[in-house]
Amino acid sequence: MKILESEEQRVKEAAEAREIKEAMTAGRKNNATDLTKYRKKKKRSKYLVRLIIILVLVIAFAVVWINADKIFEPLRGIASKVETKTSYDAGFPIELPGSARYSLQRAGDGFSLLTDTYLYSYGSDGAQVYALKHGYSNPELATSEKRMLLYDKAGFNFSLYSRTSLMYKKAVDDKIMLACVGEDNLTAVVTRSDRYSNILYIYDDGGNWKYTRKFADENVIQVAFPGDGEHIAVSTISSLNGDLITNIYKFSIKENDGNIWRYTFRNNSMPCGLYADTDKVIAVCDNTVLSLKCSDGTLNGSYPFSGVLRDLTISSDYTAVYFDDISSSRHTVAVLDGNAEETGIANVKNNTVDILADADGIYILDGTKLRVGDRSLTDITDIPVENEGYSRFIKIDDSVYLLGYQSIDKLELPSAKKSDSGDGDTGDKTAKDKETKEKDKK
Numbered sequence: 003m004k005i006l007e008s009e010e011q012r013v014k015e016a017a018e019a020r021e022i023k024e025a026m027t028a029g030r031k032n033n034a035t036d037l038t039k040y041r042k043k044k045k046r047s048k049y050l051v052r053l054i055i056i057l058v059l060v061i062a063f064a065v066v067w068i069n070a071d072k073i074f075e076p077l078r079g080i081a082s083k084v085e086t087k088t089s090y091d092a093g094f095p096i097e098l099p100g101s102a103r104y105s106l107q108r109a110g111d112g113f114s115l116l117t118d119t120y121l122y123s124y125g126s127d128g129a130q131v132y133a134l135k136h137g138y139s140n141p142e143l144a145t146s147e148k149r150m151l152l153y154d155k156a157g158f159n160f161s162l163y164s165r166t167s168l169m170y171k172k173a174v175d176d177k178i179m180l181a182c183v184g185e186d187n188l189t190a191v192v193t194r195s196d197r198y199s200n201i202l203y204i205y206d207d208g209g210n211w212k213y214t215r216k217f218a219d220e221n222v223i224q225v226a227f228p229g230d231g232e233h234i235a236v237s238t239i240s241s242l243n244g245d246l247i248t249n250i251y252k253f254s255i256k257e258n259d260g261n262i263w264r265y266t267f268r269n270n271s272m273p274c275g276l277y278a279d280t281d282k283v284i285a286v287c288d289n290t291v292l293s294l295k296c297s298d299g300t301l302n303g304s305y306p307f308s309g310v311l312r313d314l315t316i317s318s319d320y321t322a323v324y325f326d327d328i329s330s331s332r333h334t335v336a337v338l339d340g341n342a343e344e345t346g347i348a349n350v351k352n353n354t355v356d357i358l359a360d361a362d363g364i365y366i367l368d369g370t371k372l373r374v375g376d377r378s379l380t381d382i383t384d385i386p387v388e389n390e391g392y393s394r395f396i397k398i399d400d401s402v403y404l405l406g407y408q409s410i411d412k413l414e415l416p417s418a419k420k421s422d423s424g425d426g427d428t429g430d431k432t433a434k435d436k437e438t439k440e441k442d443k444k
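For the sequence shown, this note's numbering gives the first residue as 3, with consecutive numbering after it.
In short, the hints are calculated from the structure, not lab data.
This list has only true hints and no planted wrong ones.
Pairwise CB distance ranges (calculated):
no., residue 1, residue 2, range
1, S254, S317, 24 to 30 Å
2, N258, P95, 48 to 54 Å
3, E390, S254, 44 to 50 Å
4, R332, T119, 38 to 44 Å
5, S240, Y90, 49 to 55 Å
6, V51, S317, 48 to 54 Å
7, S254, N221, 17 to 23 Å
8, P99, N140, 17 to 23 Å
9, A62, N140, 44 to 50 Å
These numbers were taken from a predicted model, which means no experiment stands behind them.
Beta carbons are placed, not taken as given, at the ideal position from N, Cα and C, and that holds for glycine.
All chains should be built: construct the whole structure from the sequences, respecting the hints.
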């Protein structure tokens, strides 16, 4: 009996031991499973956090890239900020310093004034941003929306400025004939050398060399940037069998093989103005206006005229030419669209000194008034000016800034914009409305 009981006891203990062992094995398996699940969960969390961080960085980069100009432009050239001023006053008129000549140019939402000795930068309110003594013998100024290019014509030096700072200064080996700056902040400098008629150099916004083009038998007259940061338009003249030949080129500044296209104009014409954007190239010669496709150089249209060209203005919307018409012995302003088709023409006074065309209208300055018209020049408003000594004007938003003998004056344009349908004498109507309101108040 005792042996039996012992045997049963051993069997029971063995069974219990097996149960405990099975339980412990199951527990280890469960623990291992739980640990694996935990590790996978933790790994997923890490991946999720990394993904969120990457998405945030991508979004932040996209925002910075889209608003790069607004974010970084105020910081460009901050180490070379021009602090010198000759006036701390704001408002108009701005009294002119003594100089043999002046150059008034729009620069973004402000303007610049170049004299024999100084380059001045102003805000639209007339407050001086800086006054820089340049030291150039024959200073010339070219501007874009963000940059002012100052160069010494027939000299060797040029400088690029923002509205507040010096971006860079450079010198070239040969004498500078002309220079310009594009809306993509690229700078073109054309020199004359002993071996070539002209050499064209392109620099980026930091003053780094980008491109060189040499012209052996042609003289470069104008240069224009389409604004894409990759191309440039150039007008040249040359002589063939006693005839004056005008060539208009498009080059890629990323390749130095040859031109993308060339348009040759055989009409004894001298190029006088050149404009380029991604759609078209406008060339104003002294007897013809040409409109070319920017893509391939084919002719959109042309506008021939007979007479002496006295002034011109080219914008993305319209081109206007002011010339002495030989056929009628009158002084004429013609307005053209982007295809060089005439949209309006009018006779003007002999004392007309400056014209301007933009999307808002056509502006003609004569001795006593500023004439504001639509593109057809059939509906014109005359706005009186303070004196008869103005030689040039620029337009910023709804104001014009007039360069006189002794001062720069500001003239507010009527707030109601002119359109092709027109509302008549907007300036007179605005004045009458003000008088009526004053009477009603009284």
